[in-house]
Amino acid sequence: MIFGRSERGKPPVEPVTLKILVAGGFGVGKTTLVGAVSEIRPLRTEELLTEAGRPVDDLSGVETKNTTTVAMDFGRITLREDLVLYLFGTPGQERFWFMWDELAEGALGAVVLADTRRLEDCFAAVDYFERRSIPFLVGVNCFEGAARYPADDIRRALDLDPDVPLLTGDARDRESVKTILIGVVQHAMAQAAQRRQTVTT
Amino acid sequence: MSADGEGRSPWFDDEAGPVVRPYAMTRGRTSSAAQHRLDLIAVVVTEPGADDPESDPTLSPEHVDIVERCREAPQTVAELAAELDLPIGVVRVLVGDLVDLESVHVNRPVPPAELPDESILRDVINGLRAL
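Which chain is which? The protein sequence lines are A and Z, in order.
Residues are numbered in the working numbering as their position in the first sequence, beginning at 1, plus a constant of 40.
Residues are numbered in the working numbering as their position in the second sequence, beginning at 1, plus a constant of 1.
Check each hint, because a few of them may be wrong.
Stated by the list, open to error - If you anchor each label on the Cβ, the simulated ranges turn out as follows:
no.	chain 1	residue 1	chain 2	residue 2	range
1	Z	P58	A	F163	41 to 47 angstroms
2	A	F66	Z	D101	46 to 52 angstroms
3	Z	R30	A	A187	49 to 55 angstroms
4	A	D141	Z	R30	50 to 56 angstroms
5	Z	S56	A	A186	58 to 64 angstroms
6	Z	E55	A	A197	41 to 47 angstroms
7	Z	A131	A	L207	55 to 61 angstroms
8	A	G67	Z	D57	34 to 40 angstroms
It should be emphasised that the hints constitute simulated quantities derived from the structure, not laboratory data.
Glycine is no exception: its CB is placed at the ideal position from the N, C-alpha and C atoms.
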C-alpha cells in the first residue's frame with residue numbers, strides 16, 4: 041500500500057491486546073453479544089480438524105466430510121490506540137474443548153451466556169472456567185417470552201460459587217453488554233487481588 | 002470456506018472443498034518452530050526494514066499479503082486468518098516463516114499469570130464505560 045510506505049519513518053502503534061471469552065450453548069446469543077459492542081462486524085476464524093474417531097455429529101448433509109471446521113466468531117473493541125480488547129465466541133460443541141484451552145489461555149475472563157429455558161446448555165462452560173480458575177460471570181440473556189426467574193434460583197440451578205457474579209441483560213443491547221463486560225473485568229480484578237493476598241499471607 | 006458461490010463451474014463446487022487445499026500453502030507443514038505459542042491475539046508487526054516481499058521469490062502470495070497488511074497496521078493472528086480466509090493453523094505457519102526471515106515480529110499478549118496488572122484492567126473498565 042502506497043500510504044503505508046510513505047509513512048515508513050513513523051512506526052505503527054503496537055497495541056496491547058486482551059481477550060474476553062463468550063461461552064454458552066448453541067443459539068444463546070454469543071455472536072449477537074459480540075456484535076452488539078464490536079466495532080467491526082464479527083469476524084470468523086476457522087480451523088480445520090480431521091474427523092478421526094468422531095463419527096457422530098449432527099451436521100446433516102455433510103456426513104461424508106472427513107474434515108470439519110471449527111468456527112469462532114470474534115469482535116474487536118479499540119479502547120485506546122494502544123489497547124485493544126477482543127471478544128471471542130467459543131465454539132459451542134463440547135468436543136472442541138481443546139480449542140477452548142487455546143482460547144482461554146491468557147484470557148482476561150469470560151462471560152457464560154445462559155438462556156433460562158435451556159440452563160443445562162451452559163453447565164459445561166461453567167464447569168470449564170471453574171476448574172481452570174478463569175474469572176467468569178454468568179450473563180442471563182433475557183429472551184422475550186422466556187420466563188424470568190429470581191437470580192437465586194438460577195444460581196442454585198447452576199450451582200454457582202457465591203463469588204461468581206450473575207447479571208441479567210440483553211445480548212442485543214450495547215449498554216447491557218457493556219455492563220456485562222465491565223462486570224467481567226471487575227470480577228477478574230477482584231479475583232486477582234484475592235489471589236495476591238493468599239500468596240502474601 | 003469460500004468458493005465463487007455461483008455454482009456454475011462444471012468441475013468443482015463448495016462441497017468439494019476449496020480448490021487449493023489450505024495446507025498446500027504451507028507446503029504441507031502444520032507447524033513451524035516459531036509458531037508455538039502464537040496466540041490468536043498475538044500481534045504481527047512488519048519490520049520497518051523488511052525488504053519488499055514481492056521481490057522474494059520464495060514467498061507465496063499469502064506471505065506477501067501478510068507482510069503488506071501488517072506494515073500498514075499491526076494485526077492479530079485471528080484477524081489475519083479472518084481477512085485472508087485461511088485457517089488459523091495455516092496463518093501460524095506462514096507467520097512463523099516470516100518471523101524466521103525477520104520480515105515480521107510478533108508481540109505476545111500479556112501472559113495470564115502476569116495479568117493482574119491493575120492499571121491495565123482499570124484502563125479496560127474505563128475504556129468500556131466510555132464506549
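* So which hints don't hold here, by number, going up? -> Hints 1, 2, 4, 6, 7 and 8 not satisfied by this model.
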